[in-house]
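S.K.: Next come the chains, spelled out residue by residue.
2 protein chains.
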Amino acid sequence: MNGDRGAAGTVASLGELGLDSGETLPALDVAYETYGTLNEDRSNAVLICHALTMDQYAASTHPVTGKPGWWLGMIGPGKPIDTNRAFVICSNVLGSCLGTSGPTSMAPDGAPWAMRFPVITIADMVRAQAKLIDHLGIDRLHAVVGGSMGGMQVLNWDALYPERLDNAVVIASAARHSAQNIAFHEVGRQAIMADPNWNGGDYHRGEAPSAGLAVARMAAHITYLSEAGLTEKFGRRLQDRDAKSFGFDADFQVESYLRHQGIAFVDRFDANSYLYITRAMDYFDLAEAHGGKLAAAFEGTSTRFCVVSFDTDWLYPTSESREIVHALNAAGAEVSFVELSSPFGHDAFLLESPELNRIVAGFLG
Amino acid sequence: MNGDRGAAGTVASLGELGLDSGETLPALDVAYETYGTLNEDRSNAVLICHALTMDQYAASTHPVTGKPGWWLGMIGPGKPIDTNRAFVICSNVLGSCLGTSGPTSMAPDGAPWAMRFPVITIADMVRAQAKLIDHLGIDRLHAVVGGSMGGMQVLNWDALYPERLDNAVVIASAARHSAQNIAFHEVGRQAIMADPNWNGGDYHRGEAPSAGLAVARMAAHITYLSEAGLTEKFGRRLQDRDAKSFGFDADFQVESYLRHQGIAFVDRFDANSYLYITRAMDYFDLAEAHGGKLAAAFEGTSTRFCVVSFDTDWLYPTSESREIVHALNAAGAEVSFVELSSPFGHDAFLLESPELNRIVAGFLG
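Chains L and B are the protein sequences, given in the same order. The numbering of the first sequence is full-length UniProt numbering, which starts it at 1 and goes up by one. The numbering of the second sequence is full-length UniProt numbering, which starts it at 1 and goes up by one.
Be aware that a few hints might be false.
[To be verified] List of simulated lysine-lysine pairs, DSSO-like, C-alpha gap at most 30 Å:
#	chain 1	residue 1	chain 2	residue 2
1	L	K131	L	K233
2	L	K293	L	K67
3	L	K293	B	K67
4	L	K244	L	K293
5	L	K244	L	K233
6	L	K293	B	K233
7	B	K79	B	K67
8	B	K233	B	K244
9	B	K244	L	K244
10	B	K131	B	K293
11	B	K293	L	K233
12	B	K131	L	K244
13	B	K244	L	K131
[To be verified] Here are a few chain L residues that face chain B, going by a calculated C-beta distance under 7 Å:
#	residue
14	A179
15	V187
16	A191
17	A194
18	A211
19	F234
20	L238
21	V335
No wet-lab data here; the hints were simulated from the structure. We put the CB at the ideal spot given by N, CA and C, even for glycine.
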């Protein structure tokens, strides 16, 4: 565990990484956090895969925002992923901006990669994680666990390294990005690229394209919430006023909330990273990579799967989870599937949920 | 019919218009098109109310795009709204940019109103239409017909002037904008305002905020289509290539399509008008304007109603139409309601639909 502990937590330098694009990243850095202790036979490691804009701080304080870990209800002593027993690893994904190699990292010429960074895939993210696991001296993971884009990585882990994991937990995810998923991401990318500060990605010497990134976040954020949840949370209630202003301020609470989501996001995330990671998600289609048959991705696996969806998630609806389950069944894999009821849409996987906790705790045993 | 026939078709100058905001528009212009002939007792007039980005060219060629009328399948000789019998009027809504007063019009000081134009409501749009109907010497309309925002105007027509219409057709609409509806509009407005060319709305001497407006249109356009429709139309098919480019061009057909929608839109629509009309829609809540009871909006009406929804419309889903129907029932109004099946989502009301045609033709008799 000879990683350097710096501003981005612990960073491992892992050498070259071959990519799906055919390009090679010359010097891969992976920033990661760990929780709990690796046991003597190195059999208690659990890898957490994070979602699009999340990070390695699953159960520890984010160094920029000062906010508690994004999955603190799931990971910790006595929690469903119990750090009294498990050694939990969470690494920042390839292409992100919290210490792992991405467009904000320095290229060999000493300037940031920016848009010269190679386009990456979910499989590339998983290959980077596998190099980290090698580096930590771990052959086999007790479990790989993730929600949303994290779930895509979990599926790809089994497709690439079925012999290296015992259990897989896939929450609120999908085996491929739909046309509507791609469409929403494309709106976000166009919003960023429409911001003159984006400047073809070369904004490290000037202002960041914060306005464009904020709009991208706002559009995406709507897809994380259910219509019913938005109605329950905000309805048509006004923000700090008794009557409509007949102007263009944020009259409605939902407007104020969305604007806040956009503004808060740009302080903690990089616009180019947003482009690269959304692209990786749009490229994701596990069946396509296996001759058009999703079941072929899981052929011969001995991994136990747990698949969870939420009934109000319209970003990755239950039907997408069912396709995963059908493919796992067709491949003869062991799989349990639960659709949970929640008013919170896709976001439900990040929120405190006794049902989700019980399912994950029970499955991991 | 002493309107001036100019670049925007026929424009009627209608004097002052009092607005919900308390302000008064000093000189209302309303641009309109008519189809068919007004009969002697002036009893065959049908008013068509258009949607957010549509215009008065419901059944005639758009002067900017050269495209055929947007409801040519519905309006014409022998069509459901039969111009052999009906005198059809379609006017550009207040706040729009095709000849009716809006932010692109000249203020009394000789400069465009831009963001000095007063904030308007759906009711204000209807009041402007009523002034046009007065101007045309018509007391009573045989029918008022509209889809989407057009349907909101139809509902508001009956709430304001129940004695002036015999029949009302409300298609793919709602009696109020939901939190999710507002949220999507707010993303669009923020995209426009984030474009430096917007310049607080004063762009008439410079470049228009086309990039921001295109992003707004792209985000909105996703809400007009169903997930299943997008999958059927585009799926994950690539655009003019055999393999992914590992870049940020429009690899997928759905990306290319959305970009095209954004680019085509900015040629025919004004960014400030988009701000004003989306605001009017977000402010729309017919129940709120009637003591919180939607039925009160229709109390004592003798208008016959026809309400139509589409099963895949998630912008204004069937549940919103049902609320209208329940309120009409509670008010003792005559109403027929149909949910049509269509793969095309909200857009279905603009597309050729034999079922919709049959319903409208049958209802109007």
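S.K.: Check whether the Cα positions of K233 (chain B) and K244 (chain B) lie no farther apart than 30 Å.
M.R.: Holds - the C-alpha atoms of K244 (chain B) and K233 (chain B) are around 19 Å apart, at most 30 Å.
S.K.: So if I understand the rule, the pair passes when the alpha-carbon distance is 30 Å or less; does K244 (chain B) with K244 (chain L) pass?
M.R.: violated (48 Å)
S.K.: Taking 30 Å as the top limit, are the C-alpha atoms of K244 (chain L) and K233 (chain L) close enough?
M.R.: holds (19 Å)
S.K.: Given A194 (chain L) was flagged as interface, is its beta-carbon under 7 Å from a beta-carbon of chain B?
M.R.: holds (4 Å)
S.K.: Quick check on the hint: V335 (chain L) CB to chain B CB, less than 7 Å?
M.R.: violated (24 Å)
S.K.: Is the Cα-Cα distance between K293 (chain L) and K67 (chain L) 30 Å or less?
M.R.: Cα-Cα ~41 Å, so violated.
S.K.: Quickly compare the C-alpha distance for K293 (chain L) and K233 (chain B) to 30 Å and report which way the hint goes.
M.R.: With Cα atoms ~21 Å apart, K293 (chain L) and K233 (chain B) stay inside 30 Å; holds.
S.K.: Given the proposed pairing of K244 (chain B) with K131 (chain L), does the C-alpha separation stay at or below 30 Å?
M.R.: holds (26 Å)
S.K.: Does the alpha-carbon distance linking K131 (chain L) and K233 (chain L) stay inside the 30 Å limit?
M.R.: Violated. K131 (chain L) to K233 (chain L) sits at ~43 Å, over the 30 Å cutoff.
S.K.: Need the status of pair K131 (chain B), K244 (chain L): alpha-carbon distance at most 30 Å?
M.R.: Holds, at roughly 26 Å.
S.K.: When the nearest CB of chain B is found for V187 (chain L), is that gap smaller than 7 Å?
M.R.: holds (5 Å)
S.K.: Please work out if K293 (chain L) and K67 (chain B) have their alpha carbons no farther apart than 30 Å.
M.R.: Status violated; Cα separation ~43 Å.
The structure fails to meet hints 1, 2, 3, 4, 9, 20 and 21 from the earlier list, while all remaining hints are met.
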